[in-house]
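Undergrad: So you can see what is in the structure, the chains are spelled out below.
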Amino acid sequence: KQEVTQIPAALSVPEGENLVLNCSFTDSAIYNLQWFRQDPGKGLTSLLLIQSSQREQTSGRLNASLDKSSGRSTLYIAASQPGDSATYLCAPDGDDKIIFGKGTRLHILP
Amino acid sequence: EPEVTQTPSHQVTQMGQEVILRCVPISNHLYFYWYRQILGQKVEFLVSFYNNEISEKSEIFDDQFSVERPDGSNFTLKIRSTKLEDSAMYFCASKLVLDTQYFGPGTRLTVL
Chain A
1 KQEVTQIPAA
11 LSVPEGENLV
21 LNCSFTDSAI
31 YNLQWFRQDP
41 GKGLTSLLLI
51 QSSQREQTSG
61 RLNASLDKSS
71 GRSTLYIAAS
81 QPGDSATYLC
91 APDGDDKIIF
101 GKGTRLHILP
Chain B
1 EPEVTQTPSH
11 QVTQMGQEVI
21 LRCVPISNHL
31 YFYWYRQILG
41 QKVEFLVSFY
51 NNEISEKSEI
61 FDDQFSVERP
71 DGSNFTLKIR
81 STKLEDSAMY
91 FCASKLVLDT
101 QYFGPGTRLT
111 VL
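In order, the protein sequences belong to chains A and B.
71 is the number that the working numbering gives to position 71 of the first sequence; each next residue is one higher, with no gaps.
17 is the number that the working numbering gives to position 17 of the second sequence; each next residue is one higher, with no gaps.
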């Protein structure tokens, strides 16, 4: 049974810092892994998708890496901005369903 | 760009009433899903649906829940007799085959 752990659970940093959000998962038999952003009370915004055969994906200031064999993914946010404040969810997709982590609640201080 | 749509965006109902949450998946997709997120908790898998039948369901998806693809475009989640604890955001998702799941914007269900 897939279990997903995200560390830290919450993070509060001043604007401009580079950040690393960590995700670990127990079942490496995944098709892909997505990182989502969720604002309070809102839906899921897909940020990055890494296929199981890939090692990383980049979009703007975001970079996600995947080490499938060790069950780890990281989301790197460069030059953080107050608008990055949200909850970030790690979501490995395998066995015909996505198992979500509890997320990292990020607060960027102006 | 094609997207998954869900209606209504917010549904308020009385405990014990039946509700139907509607989703229109991306048109050529073959796999369909429902997830829910209780306020302050993580997103949880409810059910997957392929070839007009349930392929997997979680322990949350008990007899009060059912899914249907009534007309080849809509995908619905029915809750027969709502409970207070069914209050949550419900997300629909679809995918073509072995690729990414695309999520709808969600329906917020409030049971009073």
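Take these hints with a grain of salt, some might be off.
Sample of chain B residues facing chain A (criterion: CB under 8 angstroms; computed from the structure) [claimed, not checked]:
| # | residue |
| --- | --- |
| 1 | V43 |
| 2 | F45 |
| 3 | S48 |
| 4 | S55 |
| 5 | E56 |
| 6 | F65 |
| 7 | R69 |
| 8 | P70 |
| 9 | G72 |
| 10 | I79 |
| 11 | F91 |
| 12 | T100 |
| 13 | Q101 |
| 14 | F103 |
If we take Cβ atoms under 8 angstroms as the criterion, some of the chain A residues that face chain B in the derived model are [to be verified]:
| # | residue |
| --- | --- |
| 15 | Y31 |
| 16 | N32 |
| 17 | L44 |
| 18 | L49 |
| 19 | I50 |
| 20 | A78 |
| 21 | Q81 |
| 22 | G83 |
| 23 | D84 |
| 24 | L89 |
| 25 | D93 |
| 26 | K102 |
DSSO-like mimics (lysine-lysine), calculated; alpha carbons at most 27 angstroms apart, straight line [to be verified]:
| # | chain 1 | residue 1 | chain 2 | residue 2 |
| --- | --- | --- | --- | --- |
| 27 | B | K83 | A | K68 |
| 28 | A | K102 | B | K57 |
| 29 | B | K57 | B | K42 |
| 30 | A | K1 | A | K102 |
| 31 | B | K83 | B | K42 |
| 32 | B | K83 | A | K102 |
| 33 | B | K57 | B | K78 |
| 34 | B | K57 | A | K68 |
| 35 | A | K68 | B | K42 |
| 36 | B | K42 | A | K1 |
| 37 | A | K42 | A | K102 |
| 38 | B | K57 | B | K83 |
| 39 | B | K78 | A | K42 |
| 40 | A | K1 | A | K68 |
For the record, the hints were derived by calculation from the structure and aren't laboratory data.
Glycine residues also receive a C-beta, built at the ideal position from the N, C-alpha and C atoms.
Undergrad: All hints are to be evaluated individually against the structure, with a verdict given for each.
TA: Status of the hints after comparison with the structure:
1. V43: 4 angstroms, holds
2. F45: 4 angstroms, holds
3. S48: Holds - the Cβ of S48 of chain B comes within 8 angstroms of chain A, reaching about 5 angstroms at its closest.
4. S55: With a minimum Cβ separation of about 6 angstroms from chain A (threshold 8 angstroms), the hint on S55 of chain B holds.
5. E56: 6 angstroms, holds
6. F65: With a closest approach of 15 angstroms, the F65 of chain B hint is violated.
7. R69: R69 of chain B check fails; min Cβ-Cβ to chain A is 17 angstroms, beyond 8 angstroms.
8. P70: 22 angstroms, violated
9. G72: Violated, because the Cβ-Cβ distance from G72 of chain B to chain A comes to roughly 21 angstroms (cut-off 8 angstroms).
10. I79: For I79 of chain B, the interface hint is violated, since the closest Cβ of chain A sits about 20 angstroms away, which is over 8 angstroms.
11. F91: Holds - the Cβ of F91 of chain B comes within 8 angstroms of chain A, reaching about 7 angstroms at its closest.
12. T100: Holds - the Cβ of T100 of chain B comes within 8 angstroms of chain A, reaching about 5 angstroms at its closest.
13. Q101: 6 angstroms, holds
14. F103: Since the shortest Cβ distance to chain A is 5 angstroms, the answer is holds.
15. Y31: 5 angstroms, holds
16. N32: 6 angstroms, holds
17. L44: 5 angstroms, holds
18. L49: 5 angstroms, holds
19. I50: Not OK, violated: I50 of chain A not within 8 angstroms of chain B, min 10 angstroms.
20. A78: 24 angstroms, violated
21. Q81: Result: violated, 24 angstroms to nearest chain B Cβ.
22. G83: With a minimum Cβ separation of about 20 angstroms from chain B (threshold 8 angstroms), the hint on G83 of chain A is violated.
23. D84: 20 angstroms, violated
24. L89: 7 angstroms, holds
25. D93: With Cβ-Cβ at 6 angstroms, under 8 angstroms, it holds.
26. K102: 5 angstroms, holds
27. B:K83 x A:K68: Status violated; Cα separation ~39 angstroms.
28. A:K102 x B:K57: 20 angstroms, holds
29. B:K57 x B:K42: 17 angstroms, holds
30. A:K1 x A:K102: With a Cα-Cα distance of about 16 angstroms, the restraint between K1 of chain A and K102 of chain A holds, given a limit of 27 angstroms.
31. B:K83 x B:K42: Satisfied, since the Cα-Cα distance of roughly 19 angstroms is no more than 27 angstroms.
32. B:K83 x A:K102: With Cα atoms ~24 angstroms apart, K83 of chain B and K102 of chain A stay inside 27 angstroms; holds.
33. B:K57 x B:K78: 14 angstroms, holds
34. B:K57 x A:K68: Cα-Cα ~25 angstroms, so holds.
35. A:K68 x B:K42: 22 angstroms, holds
36. B:K42 x A:K1: 16 angstroms, holds
37. A:K42 x A:K102: 15 angstroms, holds
38. B:K57 x B:K83: OK: K57 of chain B and K83 of chain B at ~19 angstroms, within 27 angstroms.
39. B:K78 x A:K42: 22 angstroms, holds
40. A:K1 x A:K68: Holds: K1 of chain A and K68 of chain A sit about 16 angstroms apart, inside 27 angstroms.
When held up to the earlier numbered hints, the structure conflicts with 6, 7, 8, 9, 10, 19, 20, 21, 22, 23, 27 and fits the remainder.
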